[in-house]
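For the record, the sequence lines run as chains A and B.
Using my numbering, you'd call the opening residue of the first sequence number 16 and step up by one each time.
Using my numbering, you'd call the opening residue of the second sequence number 17 and step up by one each time.
In case anyone wonders, no lab produced these hints; they're calculated from the structure.
None of the values given here were measured: they were computed from a predicted structure.
Where a beta carbon is used, it is the ideal one built from N, C-alpha and C, also for glycine.
Be careful, since some hints might not be right.
[Claimed, not checked] Calculated lysine-lysine pairs in the DSS-like style (CA-CA distance at most 25 Å, straight line):
(1) B/K269 with A/K651
(2) A/K544 with B/K319
(3) B/K319 with A/K327
[Unchecked claim] If we take Cβ atoms under 10 Å as the criterion, some of the chain A residues that face chain B in the derived model are:
(4) Q194
(5) Q331
(6) D583
(7) L604
(8) K661
(9) G663
[To be verified] Restraint-style ranges between C-beta atoms, simulated for each label pair:
(10) A/K100 with B/M272: 15 to 25 Å
(11) A/Q624 with B/D255: 16 to 26 Å
(12) B/D102 with A/M312: 49 to 59 Å
(13) A/V536 with B/D70: 19 to 29 Å
(14) B/S262 with A/T647: 50 to 60 Å
(15) B/S262 with A/A336: 55 to 65 Å
(16) A/A336 with B/K428: 41 to 51 Å
(17) B/M272 with A/D338: 54 to 64 Å
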Amino acid sequence: MRIHPYLKRRTAILIPGVLLAVSAGAFEDQVAPLGVYKPAEKSYWAFQPRRKVSPPAVAAANPVDAFILDGLKKAGLKPAPPADKLTLIRRATYDLHGLPPTPEEIDAFLRDTSPKAYDRLVDRLLASPRYGEQWGRHWLDVVRFAESDGYEYDTHRPDAYRFRDYVVRSFNEDKPYNQFVKEQLAGDEMDPDNETYLVASGFNRLGPLRKNAGNQNVASSRNEVLTEMTNVVGAAFLGVTVGCARCHDHKFDPFRQSDYYRLQGYFAQAQPNDLLRASKEEQAAWHAQVDPLNQQMRQLQRKMGTASETEKGKIQADLDAIDEKMPLPLTAIYAVKDNPKQATPLHTLFHGDYLDPREAVGARPLGILVPEDAPEEPVTIEKPRLKLAEWLVDPANPLPARVMVNRIWQYHFGRGIVSTANDFGRMGGKPSNPDLLDYLANQYIANGWQMKPLHRMIMLSNAYRQASQSPTEKLAIEKDPENDLLWKFGRRRLEAEEIRDSMLAISGRLNAKIGGPSVLVPIDHDLVKMLKRPQYWVSTRDKSEYDRRTMYLIYKRNLQLPFMGVFDAPDMQLSCPRREQSTHAPQALELLNGQLSNEQAAFFAQRLQESRPTDAARIDLAWRLATGRPPTLKEKQLAMTYLAEKPGDPVRLKELSLDLFNLNAFIYVN
Amino acid sequence: MNEHIRYNRNRREFLNNCFCGVGSLAFASMMAEEQARAAASLNPLAPKPPSIPDHAPAKSMIFLFMAGGPSHLETFDPKPLLNKLDGQKRPAEFGDVQYQNVNASSRILGTKRTFKKCGQSGLEISDLFPYQAEVADELCVIRSMHGDMVVHSAAQYQMMTGRIIPGFPAMGSWVVYGLGSEAANLPAYVVMPDSHGAQEAGVPMYTNGFLPSVYQPTMFRPGNKPVLNLDLPGGVTLDERRRTISLLKDLNKATMPGEDPEFASRMAAYDTAFKMQTEAPKVFDLNTESKETLDLYGIGDPKTDDYGRRCLMARRMVENGVRFVCVVSGGGGPEAEWDAHSDIEDNHLRMASWTDKPVAALIKDLKRRGLLGSTIVLWGGEFGRSPESEKGKGRDHHNTGFSMYVAGGGFKGGTVYGATDDIGLKAIEKPVHFRDLHTTLLYQMGLNQDALSYMHLGRRERLTEVRGEIIKDIVA
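All chains should be built: construct the whole structure from the sequences, respecting the hints.
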């Protein structure tokens with residue numbers, strides 16, 4: 016049996032302030048040595064400088080195709096034939112907007128017979144603000160964006176939407192990624208008066224936050240906050256699992272525990288900073304409500320100090336009752352700021368236990384990526400996070416550009432060149448085409464870290480424009496079962512948000528408003544009851560808001576909308592590099608019997624009824640809206656027969672509409 | 017499988033997801049047996065063989081989750097010294113532990129409960145649980161449980177998911193991931209929340225974390241219609257809906273690009289969904305039970321009706337092949353949870369009056385139906401309660417030594433394992449961490465803690481973050 020964890024904690028000091036003082040003083044002379052790395056560790060591919068690569072000498076107009084064709088040729092495989100125009104416009108529109116193309120857009124694309132029609136389509140899609148919504152949403156998965164604390168109280172963060180809007184805007188502006196990284200990690204340090212930067216710095220506070228009743232153990236909480244801040248740097252920017260080194264040296268990759276805490280060193284000074292953005296009147300009204308409550312609480316807390324054991328219970332109950340009455344905080348920007356005086360002294364922590372600090376450390380980037388004798392800096396340096404960010408996006412850093420182009424590739428093709436987008440380490444996938452990865456990363460930097468030129472290059476390639484079925488499927492599956500070489504385009508299921516957004520778009524109900532505070536839709540009372548603080552779920556008053564895009568519905572850590580969960584939306588507790596795609600009966604129940612799909616099917620049916628005079632015309636329109644193409648003869652025949660069985664029955668048209676939301680041709684993108 | 021995050025992008029990945037919850041199959045052999053397997057794969061929850069050969073006594077598990085932390089000192093761990101030290105400070109020789117509210121000035125609180133040797137085994141159970149005393153010979157009480165956290169949310173996460181932070185899969189999800197389900201027309205993993213309200217760790221402690229959503233729990237709602245979306249929407253008859261689904265299948269077939277396992281599975285999911293819709297309500301209907309059974313569970317008595325119904329439902333679930341059921345007692349706040357901060361007597365007498373009879377009934381009922389041998393019943397909460405008093409009559413959270421019990425599922429009944437010190441402060445004999453309990457529960461279900469893993473963000477994650485040990489002494 017092991018030693019009990021609490022036995023080694025026998026000497027733990029229960030008063031956090033004292034603990035900090037002890038750890039700051041007692042370990043001063045023990046400083047963790049800088050890491051030493053074996054040649055095998057240093058030579059691992061991901062840590063090598065990016066190579067200057069030229070596309071292989073294969074006849075191809077698009078460099079992406081030169082790499083892909085070369086790979087296929089070497090494996091004795093052929094690409095699939097080009098996809099037709101209907102498939103292409105649906106694929107590209109979902110890819111860049113997360114919505115179906117409208118019949119008008121489809122017609123315009125079909126009419127445009129010039130060889131540049133597809134180029135123009137891609138340009139139009141990239142220029143639309145819908146692009147920033149769809150691709151910003153991918154980033155929000157990676158940084159585990161949510162609008163509540165999680166844990167017991169799951170307190171809402173009513174102003175977190177500002178960060179979401181900042182991300183959407185950044186993608187729409189095609190903000191250079193190096194700037195984007197700096198703003199998020201260190202916006203406050205770059206310019207404390209720039210509101211956009213301050214909102215961006217809220218990145219450092221996106222993780223779950225534990226707050227306790229009773230004694231709030233300050234040292235423990237601080238440790239958890241720093242852990243959240245540090246781990247996301249590894250996952251999101253570096254694409255390595257440096258978080259594993261929190262408790263022990265990384266078992267597979269060259270990250271020592273000291274590397275982890277040195278990385279944490281850049282956050283030692285970071286403290287939350289809520290900047291009020293409420294009007295004078297709002298502030299006055301809020302204070303009129305809150306100040307008396309605070310005063311009562313202070314009085315009770317004073318009483319608590321001298322109260323007898325029996326009185327304490329009563330006082331605690333009174334305190335809880337007051338707490339329940341507290342209104343949501345005033346509207347604010349959730350930023351961070353440095354406070355060198357409060358800088359947390361950092362040590363390697365034995366088994367990651369904050370009560371067991373060992374050697375002291377300062378701030379330093381990952382040892383494997385800097386010269387071995389690169390010194391650490393004190394955690395009290397000026398603008399520490401900006402320093403970290405500048406190191407990250409220095410073109411000489413081999414990882415961040417590779418990691419980001421790999422994400423872009425993954426969202427376009429469904430599978431990254433490295434299949435594990437957050438893990439380029441030894442436990443991750445090997446790059447299926449290392450030359451292509453480096454070529455794209457170099458291009459990315461050469462393009463000033465802008466994404467849109469990269470989207471264009473990828474989407475204009477034949478690899479992207481090929482069909483999702485190959486005439487030589489059997490052979491290809493045998494040689495390359497994962498389709499790493501891209502012998503066809505990978506079919507994908509729509510994501511949870513895309514399914515809901517599409518239903519709203521098809522039914523004609525979508526409220527296309529962009530940005531602003533998140534919406535709380537009315538939901539089943541039993542769901543709300545599963546919250547410790549059900550009072551936080553107050554439905555948005557303006558009902559037209561209920562039909563907004565799903566990314567504008569609140570992401571609450573302790574209450575995931577059932578529709579979202581069942582279609583594999585992440586729970587936003589941890590970074591999500593790639594969504595799962597599972598197939599099971601509760602999805603069928605949700606789409607057949609669920610409130611959302613049935614309501615939208617009724618609106619869809621109404622739209623068909625009102626806009627077309629005959630069943631035949633309604634069926635044509637229904638298919639064009641839901642699947643982006645006219646029905647096949649067989650489909651049309653089946654639908655006509657179905658409607659003719661009960662002529663004029665409104666239930667039939669609604670059920671037909673519901674079937675379209677359940678159709679493979681709707682749920683999947685070819 | 018070198019994939020970290022599985023994702024059905026193509027045939028091979030899809031087949032992998034269907035077959036290989038644990039370990040992996042060589043692609044070559046898969047191709048050879050493709051036809052046969054493809055048929056089996058239509059149901060992603062098809063039963064899978066256990067990973068430990070020749071040892072899988074338990075097929076299902078029912079966790080009777082006593083939320084808030086029931087006192088070991090008032091239930092299964094008699095401490096005569098406690099009453100002798102009543103009102104005094106804790107003697108220094110017992111050492112120190114970290115508490116939420118209890119501090120250096122707190123005094124030992126004796127118990128008003130009396131303990132009795134019960135059954136043939138003489139297992140000691142307090143008079144708080146007269147009904148559970150009747151099934152003493154079925155219980156294996158672990159008196160040396162300990163966890164790492166002294167606050168509800170983090171302790172509940174650790175008990176359910178092995179981690180003190182949210183975002184990791186719960187026991188139920190892991191077990192279904194490992195074994196699939198025997199219940200074709202019912203959810204594989206069911207949580208029956210307490211109608212009083214939520215627990216501190218909230219729904220994330222029950223969920224699938226990063227595992228695919230097929231391993232989600234189904235959160236039951238109170239009443240006769242516990243599962244969301246099983247009812248037809250208004251204005252649609254069953255016949256009409258049958259026609260809707262047949263049209264859907266015809267439409268999908270009309271454009272099917274040849275043989276396609278993912279599309280086939282999707283269509284099978286609609287068949288399953290339809291069957292669930294018609295078959296599951298029969299399982300949910302308690303009216304088919306005899307009056308004797310209803311009485312056994314205390315159904316009809318306002319005190320025991322709610323928990324009794326849920327325990328009976330749990331039996332019916334397990335009987336029909338459901339893999340994992342969690343029946344929660346406690347929610348909404350200290351008064352309706354086992355979280356006895358202000359008055360241990362008042363709180364525990366109330367909580368016991370709601371649950372004791374139904375819990376005992378479940379064990380008796382499983383036994384007489386021959387289901388206890390293949391069903392693990394786990395009883396307990398995220399921690400126990402402090403030997404010192406809080407607010408005079410209450411007890412604080414206490415994670416360094418407390419009791420849980422297992423019954424059935426191949427565990428040795430009528431036994432006690434491990435011990436706390438003389439005041440119940442620390443587990444001193446054969447301490448059992450949550451990870452050891454998890455390991456042992458998995459073992460009894462034929463699952464090896466290492467084999468039951470899932471690659472996530474570069475780590476081979478498992479329920480037991482740090483390897484736990486099988487408690488061999490309590491396994492029959």
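Tell me, in ascending order, the numbers of any earlier hints that this structure violates.
3, 4, 9, 12, 13, 14
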